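**Q** Chains as they are written, first to last, in numbering that gives the first Met the number 0: chain A, 0 to 452; chain B, 0 to 494.
Don't read these hints as lab results, they were simulated from the structure.
For clarity, every value in this text was computed on a predicted model and none was experimentally measured.
Here a beta-carbon is modelled for each residue, glycine too, at the ideal position from N, C-alpha and C.
Treat the hints loosely; a few may be bogus.
Stated by the list, open to error - Below, a sample of chain A positions facing chain B; criterion: calculated Cβ distance under 7 Å: (1) Arg-46; (2) Gly-333; (3) Ala-356.
Unchecked claim - Here are the computed lysine to aspartate or glutamate pairs in the EDC-like style, where the Cα-Cα straight-line distance is at most 20 Å: (4) Lys-475(B) x Asp-451(B); (5) Lys-188(B) x Glu-372(B); (6) Lys-384(B) x Asp-367(B); (7) Lys-384(B) x Glu-372(B); (8) Lys-269(A) x Asp-477(B); (9) Lys-290(B) x Asp-310(B); (10) Lys-475(B) x Asp-377(A); (11) Lys-188(B) x Asp-310(B); (12) Lys-188(B) x Asp-290(A); (13) Lys-475(B) x Glu-15(A).
Single-letter residue listing:
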Amino acid sequence: MLNRIGLSRLRDLYDEVPDSLLRDEPPSIFPGLDEAGVTRIARERARRNTPLLCFAGGGAYEHHIPAAIWDIASRGEFYSNYTPYQAEAAQGSLQLTYEYQTMIAGLTGMDVANASLYDGATAFAEACLMAVRCNRKSDARRIAVARSLHPAWRAVARTLLNGQGIELVEAPLDDSGRADFNYVYENVGGGFAAIAVAAPNYLGGMPDLEAWRALADREGALLVVGINPVSLGLLRPPGEFGADIVCGEGQPLGIPMSGGGPYLGLLACKSRYIRQMPGRLAGRTVDTAGDTAYVLTLQAREQHIRRSRATSNICTNQGLMVVAATLYMALLGGEGMRRVASACHARAAQLVEALTAIGGVRRAFDAPFFHEDVLCLDRPVAPVLAALAEQGILGGIDISSDYPELGNALLVCATEMRTEADISRYARTLREIVALRQRAARNMEPDDSGQSA
Amino acid sequence: MTRRLIFDVSRPGRRARAQAPAAESAASADLPAELIRDRDAPLPAVSELDVVRHYTRLSQLNFSIDTNSYPLGSCTMKYNPRACHRLASLPGFLDVHPAAPDASVQGLLECLYELQDMLATVTGMEAITLAPMAGAQGEFAGVAMFKAYHHARGDHGRDEIIVPDAAHGTNPATAAMCGLKVREIATGKDGDIELEALDEALGPRTAGIMLTNPSTLGVFERHILEISRRVHAAGGLLYYDGANLNALLGRVLPGDMGFDAVHLNLHKTFSTPHGGGGPGAGAVGVASSLKPFLPVPFVEEAEGAYRWRTDSPDSIGRLAANGGNIGVLLRAWVYLRMLGREGLQRVADHAVLNANYLAVRVAEEGFDLAYPERRAGHEFVISLKALRDETGVTAADFAKAMLDEGFHAPTVYFPLLVPECLLIEPTETESPEALDALIEAMVRIRDAALSDPEAIRSAPHRMPIRRPDEVLAARKPDLAHAPALRPRASTSDEA
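Same shape as in the complex, but just chain A (with noise of 0.2 Å):
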């Protein structure tokens, strides 16, 4: 081929390139290995993470991945295909599209939704830029935030609108784990674009998104609701309650929890704000022959067209997640879907039930949660949970530090997957660590004599 192409040497195909530039020797990395090598060392490796029984959330979530769903999503034609510009040669992959949105439509009771963000955090970000935009009552720069809300997707929508100027102001927990958006607005004052809660939250409760609603009507805000897809199976879905722009974590419909991704950012609104959607949209049209066809559409949004002004710098999506979705929520249908839901709430109150007996632990709220709950223990959370973890259990995640006013404080999680062997061996152990801890503190107090015992 070289001689082909008049040269002699392959270093000659770089003969524009300065020579100081040029590499005659490769970087320095590890030499190569066959499939075998290679596969040796992966098995290795992922026999080094210790399997732990998880009862763990906060984001996400261990569910049933029905087999179907990966073999048909790992098939070539979906793993290995391009994003699909060339609508002729992607009809299954703009199909699908549009059968996902039409589902994650129906699953929030709203209008459309996109062909998917990256995750649940960048979802929350773009939802919260989209507000600003299509907010025309209000040319407000910032958005009311519960801090109820995942502390990472508050984090990343800092990091993602600290650019443009557009702030995040924080509403405090009440006593019950609801946002306090009444203490914004009577201590930060009002000119917000929007009001933003999620739906379950972050520490497992549910907002009164009737009343957020109200309060959004008189000050001009639109409601932003984040969203567990799976607990939409059971709960009605923030359409319903007036919510203008959904945004998820869609993680829980047939994803592997992967060590944090990839994952599926969920995004739907209200029809009249398609424009100002971030993200690929896919549409149903016709071809020249009058038959029914899908595109990408809506593409002047879009910064392969738009460039600096475009909605948002996005150009992918998560198509091969979109896939997973799909098949899952076609698979488990709107019953399958309230079954999963209802099984989780069933072992999330078995779960909180017998870890509130022992003694030491509490609930942080006494208010309905869904599939998770915040515990308070009566010491440092950390020792605990490493502790657990050395007996194979996950046993939540201290998010004392993300909520310095709830003191000692646990998430705690149960899906369907946990079983009540799981839960009392959960109990059993953490009654164990905490009586061992109690022993173990008064061993170190002097006694009367004066004398260690």
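Fit chain B to the known structure of chain A by using the hints.
**A** Quick look at chain B alone, frame taken from chain A:
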């Protein structure tokens, strides 16, 4: 052709029985009644077979790398080795909760740490963040770090990013998201940046410049060292859009060219799958001056133990709910471990060889190279302006006809500078026979355009659909199947 939606397959009461808990849980009594749905979510009611058959059939309507060549410029559609998918899907990796303690995920963290290390080495940068979930997020991270760097030095007047007119659309969009103004500069007739235009744009307001090299025109920016010197002398920084790193892997290091930040599209050069539009991953490498501003979290090593580092006082902050698209990162790790040191240059050499072979051959067949006097990188641009003037067949028509030939269309009308252009990138994984077949197809289409232009102007003819009406799609957006959203009776009666 009519195709059914999954909603058309749906029958009330039908369900994939094995997929949901067999027992009904009735324990929602403690939830306030007004929070509970009064009817099930409007989702399809179908069996597992219905689902498998419907989506398998849909998949068969797609082109994919596994079935077709994709000479799609700037997108690097090369083969995604199956081992990457298989090994990243080991249960030991998939079943990890993001809150799992570091001690329980040492195997995963070691892979990520090695990936950081390998990417730093192949880019010549000091440190890497794996957090960005796509190239565009990597760009955001890079430009946000530029801003943070200038601010940390008390240099608050730098509010402009210089972007060549040939740049990817994400570059100006990213600058805008970071709250910076975009200064576009012209590309010269030879495909290189005009240094006079650069000098005019540079000044005390320059935060930095975003460059792709080779540029989107497929040619190496020959003045890169001079550009780097001038931008740095003006107090600005250089950002490398790594979309085209495939052309230089192992041969030229972005760090050597003077770049301060680099993003890598792992779904391009490092062969992770495109997945129909994502998930990607956009790891970012930085020079030591930008290291304090790296986004969190990143993986650290101390005394043989690995941990997520989440606190870093000067960080630009968090970009993802967790540590990024970890499953994608693992695939890139497998790819790089298989490629190894000796494979790095093979990637670039063969990618550039394939592109040059193709460029020489299509020129011999009478196609017009946009930059005939330049050496092609891993991709090259041809202009179909002459063909259009003679026959009325446009670049878009030509691209559609390529679908009929079984090739994915090249990138069309990008870069915007060249009229009626096709941007062609064969990648290193296509064989010489596949390249010859591509040339033959292009010649056939060109000949058909000359003899029967209408046949090409109405292409494609052999795909699942004819050309879609995109104007209608945008004028009357139909983004969800309305009948599926209408409330309906509960489906709890089992059929």
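**Q** If you draw a straight line from the CA of Lys-290(B) to the CA of Asp-310(B), is it 20 Å or shorter?
**A** holds, 13 Å
**Q** Tell me if the straight-line CA distance from Lys-384(B) to Glu-372(B) falls inside 20 Å.
**A** holds, 18 Å
**Q** Please work out if Lys-188(B) and Asp-290(A) have their alpha carbons no farther apart than 20 Å.
**A** Violated, at about 45 Å.
**Q** For Lys-188(B) and Asp-310(B), compute the direct alpha-carbon distance and say whether it is at most 20 Å.
**A** violated, 48 Å
**Q** Hint validation: Arg-46(A) versus chain B, beta carbon distance must be below 7 Å. Holds or violated?
**A** holds, 6 Å
**Q** Checking hints one by one. Is Gly-333(A) an interface residue toward chain B, by the C-beta closer than 7 Å rule?
**A** holds, 3 Å
**Q** Is the straight-line distance between the alpha-carbon of Lys-475(B) and that of Asp-451(B) 20 Å or less?
**A** Judged against 20 Å, a Cα distance of about 34 Å means the pair is violated.
**Q** Check whether the Cα positions of Lys-475(B) and Asp-377(A) lie no farther apart than 20 Å.
**A** violated, 60 Å
**Q** Within a Cα-Cα threshold of 20 Å, do Lys-475(B) and Glu-15(A) meet the stated pairing?
**A** The given pair, whose Cα atoms are some 50 Å apart, is violated under the 20 Å limit.
**Q** Taking 20 Å as the top limit, are the C-alpha atoms of Lys-188(B) and Glu-372(B) close enough?
**A** holds, 11 Å
**Q** For Lys-269(A) and Asp-477(B), compute the direct alpha-carbon distance and say whether it is at most 20 Å.
**A** holds, 13 Å
**Q** Have a go at the Ala-356(A) hint: is there a Cβ in chain B nearer than 7 Å to its own Cβ?
**A** violated, 17 Å
In the structure shown, a violation is registered for the earlier hints numbered 3, 4, 10, 11, 12, 13, in ascending order.
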